[in-house]
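Protein chains: 2
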Amino acid sequence: MQVRLSDQFWQPKVRQTALATIPYQWKALNDEIEGAEPSHAVENFRIAAGEQTGTFYGMVFQDSDVAKWIEAAAYSLRQYRNPQLEGVIDAVVDLMGRAQQPDGYLNTYYSVAEPDKRWTDFAFGHELYCAGHLIEAAVAYYESTGKRTFLDIMCRYADYIDRIMGPESERTHLYCGHEEIELALAKLYRTTQEERYLKLCRHFIEERGKQPSFLKDDPGFGFQFKDRWFELDYHQAHAPVREQETAEGHSVRAMYLYAAMADLAIAYGDDTLTAALRKLWDHVTSKRMYITGGLGSQEHGERFTLDYDLPNDTAYTETCASIGLVMLASRMLRLEMDSRFGDVMERVLYNGVLSGMSLDGTRYFYVNPLEVHPAVAQYRYDMQHVKTERVPWFGCACCPPNIARLLASLDTYFFTQDEAEIAMHLYGANESSFQVRGQKISLRTDTRYPWDGTIQVRVQVDAPTDCAIAFRIPAWCRQPSIQVNGEPVALDAIVTRGYARIRRTWTDGDEILLHLPMVVERIESNPKVHENAGKVALQYGPIVYCLEEADNGADLTDISLAEDAELVAEYREDLLGGTVVLTGEGLRSEEHSWRGELYRPVNRQKNGVRITAVPYAYWGNRQPGEMTVWIREK
Amino acid sequence: MQVRLSDQFWQPKVRQTALATIPYQWKALNDEIEGAEPSHAVENFRIAAGEQTGTFYGMVFQDSDVAKWIEAAAYSLRQYRNPQLEGVIDAVVDLMGRAQQPDGYLNTYYSVAEPDKRWTDFAFGHELYCAGHLIEAAVAYYESTGKRTFLDIMCRYADYIDRIMGPESERTHLYCGHEEIELALAKLYRTTQEERYLKLCRHFIEERGKQPSFLKDDPGFGFQFKDRWFELDYHQAHAPVREQETAEGHSVRAMYLYAAMADLAIAYGDDTLTAALRKLWDHVTSKRMYITGGLGSQEHGERFTLDYDLPNDTAYTETCASIGLVMLASRMLRLEMDSRFGDVMERVLYNGVLSGMSLDGTRYFYVNPLEVHPAVAQYRYDMQHVKTERVPWFGCACCPPNIARLLASLDTYFFTQDEAEIAMHLYGANESSFQVRGQKISLRTDTRYPWDGTIQVRVQVDAPTDCAIAFRIPAWCRQPSIQVNGEPVALDAIVTRGYARIRRTWTDGDEILLHLPMVVERIESNPKVHENAGKVALQYGPIVYCLEEADNGADLTDISLAEDAELVAEYREDLLGGTVVLTGEGLRSEEHSWRGELYRPVNRQKNGVRITAVPYAYWGNRQPGEMTVWIREK
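As given, the protein sequences belong to chains S and D, one line each in that order. Residue numbers are given in my numbering: position 228 of the first sequence equals residue 232, and the series is strictly consecutive. Residue numbers are given in my numbering: position 428 of the second sequence equals residue 432, and the series is strictly consecutive.
A couple of the hints might just be wrong.
No distinction is drawn between identical chains; accordingly, a pair holds when it is met within one copy or between any pair of copies.
No farther apart than 27 Å at their CA atoms in a straight line, the calculated lysine-lysine pairs in the DSS-like style are these [claimed, not checked]:
| # | residue 1 | residue 2 |
| --- | --- | --- |
| 1 | K230 | K31 |
| 2 | K121 | K230 |
| 3 | K121 | K220 |
| 4 | K151 | K291 |
| 5 | K444 | K610 |
No wet-lab data here; the hints were simulated from the structure.
Starting from the given sequences, assemble the full structure and let the hints guide the process.
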């Protein structure tokens with residue numbers, strides 16, 4: 005399968021990631037960005053290699069920032085050849101080789117700062133987590149360039165881990181507090197076809213949550229964060245994975261675990277894992293997910309809290325958790341082609357992921373709340389995790405390179421394919437080609453999606469080819485229609501689990517016209533979401549909108565919408581790099597009627613005001629100010 | 005002036021305070037309440053006196069719990085003679101005498117736990133604060149019983165403090181992080197007429213906030229809580245008191261300071277202090293006060309945050325801060341008879357203070373939020389300060405004896421009097437008598453207030469007496485009227501700053517009929533209060549209402565009120581000890597229309613449901629459940 009994006013929404017962002025974000029992030033990792041939080045991540049490798057003096061600086065998982073950056077760069081090289089960038093990566097890889105210990109171990113924190121503590125803190129030490137990100141980077145770099153050096157380094161490390169952990173070792177009961185190694189081992193298996201990596205992946209997943217848990221004796225777990233938000237469920241270690249029915253604990257950890265479980269279910273055809281994943285999926289997406297696809301309702305523990313507890317202003321909604329949800333959704337689609345996975349993947353990509361980065365690709369949110377009042381967020385103790393403007397870098401910089409690696413590999417999320425079927429999950433202009441039973445079939449997709457719901461797909465084949473092409477029919481669309489070569493298709497007959505499946509013998513020049521009419525929708529929350537009672541979010545196609553102070557003035561909570569107020573969608577070339585905005589009449593209090601009182605008998609006189617909503621993901625790209633996704637209905 | 009309450013609202017609470025709460029709290033102070041947090045407060049005095057072995061236990065200000073309890077008991081003795089209770093107090097007083105150091109110092113924490121650290125931590129050590137509460141207790145006990153022992157003990161302590169601190173000492177620049185000694189010294193002056201106590205009070209107030217502040221060098225300030233919520237403003241030490249224009253920092257500290265400033269302004273006729281107080285009063289009541297009279301928007305620092313930042317569910321709203329606001333309001337009335345002070349005093353008494361104690365007087369709230377979802381409050385890290393049910397005692401037990409001393413002295417808040425005028429600030433049946441230019445004038449007030457707004461006042465005089473009687477016309481009342489001996493009085497002519505002043509020669513049997521019609525009012529917040537946008541609070545007379553799960557089911561945020569829905573007030577003898585409840589039709593989502601979705605296109609179908617609102621102060625006296633003051637309008 006080959007996919008080349010050419011659309012006006014994602015492709016410029018993918019290109020910018022390659023040409024601006026990746027170079028920028030390399031500077032950040034080398035502390036060359038003025039005013040940014042220090043990283044020291046590359047320097048740590050030099051110190052670990054004995055080529056620099058000095059001490060380790062950063063989080064215990066600082067190595068993973070470099071790893072995710074290499075992975076992002078590796079993906080970008082597929083479309084944007086860049087020998088100079090390859091040279092930079094090759095040099096870092098060589099440095100890593102020199103920092104690797106004779107037994108294969110590679111971790112700058114434990115090598116430099118705590119050499120006696122290797123493998124002592126599985127709860128919070130992040131050693132296997134860092135190993136995992138380095139492995140994913142090595143696989144990506146090998147797949148993009150064919151260069152084996154990094155892959156060999158990481159195979160040596162993986163082999164060492166496999167020797168000392170796993171079902172046959174004496175350290176049989178261990179697994180990492182932060183899941184990631186599991187995803188990496190599944191990838192390493194797919195690239196190397198060495199089954200021991202898959203078995204080790206399975207071991208880590210199968211061990212997880214067995215009781216009594218070794219984590220109870222782990223000093224990292226026992227002493228570092230002994231409060232109830234950091235108990236076993238924080239690590240998804242409260243029950244064996246197949247017995248977990250609710251999404252609990254640290255949201256990023258949870259998503260990475262579930263994604264790895266899906267990898268394992270795919271690799272082994274393990275339906276018991278798939279059954280568990282279905283429950284977890286339904287739970288998280290129907291009880292604990294923000295409308296943006298954000299996950300994690302509480303900063304303390306960066307975690308899930310309770311069903312329907314989705315505060316907008318104190319939300320954690322880490323960019324990495326949304327990225328993890330994309331990873332999970334794409335794997336769930338491989339297990340079962342159901343649009344509930346594709347719909348969420350689309351939701352989270354356009355909203356909760358994309359909000360994590362500025363339009364120019366060089367400023368980031370770690371936390372993505374749905375309502376921000378800058379003065380309050382800056383003052384209040386319970387909102388100290390909220391940044392009211394995107395920043396150049398973080399002391400804990402997991403998110404920026406994570407969003408870079410996702411965007412640089414975005415083409416891989418558009419389609420899946422099996423023997424006799426091509427499925428299109430995301431929409432955007434692209435050129436793609438597939439091998440179906442030895443036949444090449446190419447699709448050329450033209451669309452202005454997500455600003456318009458008309459999607460034209462032209463089929464190119466050398467000879468008539470028999471296969472199915474499936475299209476996701478988004479749940480947000482009320483009146484979808486499809487034509488093939490100008491002939492309407494009866495959707496009822498061909499839609500299963502949200503996918504319209506057109507099975508025929510395709511001939512060159514066949515044209516499929518998918519029409520997904522977009523209208524401005526007002527969305528409400530389940531009444532159990534206390535914060536959103538009486539409020540609506542505006543959605544247009546897959547995009548969730550918000551009000552910003554820049555367009556609507558301060559005190560956004562004062563704005564309400566009449567039930568019958570018409571909202572119009574229009575494309576604005578000049579705004580935020582070109583976007584559809586929603587405009588209409590809102591209502592505001594009569595300000596002059598207030599004479600300094602704090603409370604008074606209700607006076608319902610309102611003034612009409614023009615309101616403008618912009619995509620949530622684009623907020624905070626102009627002057628700082630308030631933002632809200634949920635808007636009161638009057 | 006003598007006032008004897010006989011009403012059906014307050015008098016039963018005053019009586020219960022004397023007969024149930026005070027005995028209960030004595031047990032709590034002696035660790036005789038099963039399941040309650042330990043106190044050890046009396047035991048600390050025994051250890052300090054050398055009569056018990058053991059170590060100090062509790063907060064550094066644990067002594068003040070005993071002091072406030074004695075003060076409450078002393079007030080109760082005026083109406084409820086109780087030789088056995090007096091015996092208990094006398095014994096504690098004797099114990100305190102034995103615990104007092106030869107130089108007059110009396111503080112069990114520093115005597116027992118840190119004898120070398122006396123007067124080293126003015127920011128957080130609470131030594132002068134504890135001294136203040138002991139002095140207030142001694143004054144109250146002397147005033148009630150005429151017994152001098154406690155007063156003498158505390159004069160010795162005050163004299164010692166006066167020797168080592170104050171304008172003539174070398175420790176000229178000091179004051180206590182937590183204001184209280186100032187209030188106590190003003191009282192001690194009024195009882196003893198020793199002017200040095202008033203001068204020391206003035207010194208502490210005048211020193212406060214001078215820059216650079218000694219607090220910057222105080223190890224307690226420098227090292228204990230070095231974050232920005234505990235800077236100088238936390239202690240109201242950021243500027244000299246006359247230059248403070250906004251209410252900042254720890255809310256209880258702020259109220260105690262302002263109340264003491266008012267004492268000083270009264271004692272010295274200092275208009276510069278009064279001018280500062282007017283600004284502070286207007287600021288706190290028009291920008292930072294909950295509708296219940298609660299103060300303090302944030303747990304961290306137990307403090308004020310920003311103007312209009314009044315979150316309902318994470319509110320701090322400490323009972324003690326509301327009590328402090330009553331103290332301040334009553335003093336402001338003495339400085340300037342304006343109903344804005346009396347109105348707030350009434351608001352906070354009926355709502356934010358009374359909510360701090362259960363109907364039976366033995367369970368307490370420290371924090372008084374305006375919206376509670378028990379499962380969320382119990383789970384969420386940012387709501388750990390919120391108790392979802394009143395508890396038998398606290399590890400930090402400042403509030404329970406504070407509410408006891410307020411209720412036991414409630415009669416003193418009803419009237420003020422000067423040479424030729426008697427002013428009635430609070431309403432409730434009572435018998436009161438006054439000396440006006442040597443003439444005795446008695447008033448007998450009959451009313452069902454706060455459940456009904458008709459107030460009948462009969463004048464008893466031995467001979468015709470010329471004086472004014474003033475009545476507060478509450479701001480909540482839209483159509484007040486007054487009759488004297490059946491004749492209507494033109495209010496326009498006699499109302500000044502919210503007080504109707506009837507000046508005449510009163511003869512025996514004159515009757516004043518005050519009619520303050522109560523209706524159910526829907527109150528809205530200033531649009532800058534984000535949390536309350538689109539919501540109303542229900543008020544009936546001075547009482548703020550709330551919805552409870554016990555009457556209305558769970559998910560209270562789902563309930564809305566149509567703008568035109570009629571709400572009826574009716575007295576219910578059987579409910580919550582007898583109370584007016586408000587009932588009417590509310591709207592709820594059609595629950596069966598939800599099929600597990602978290603989000604969906606808005607469906608505005610609502611079902612009518614009967615709703616019942618009860619006084620906010622009475623919430624949490626039945627089964628545990630949700631509560632909300634602010635209700636959406638549809």
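Each hint, compared with the structure:
no., hint, in the structure
1, K230 to K31, "neither (37 Å within a copy, 34 Å between copies)"
2, K121 to K230, "within (20 Å within a copy, 32 Å between copies)"
3, K121 to K220, "within (18 Å within a copy, 41 Å between copies)"
4, K151 to K291, "neither (45 Å within a copy, 65 Å between copies)"
5, K444 to K610, "neither (62 Å within a copy, 55 Å between copies)"
Taken one by one, the earlier hints fail for this structure at numbers 1, 4 and 5, listed in ascending order.
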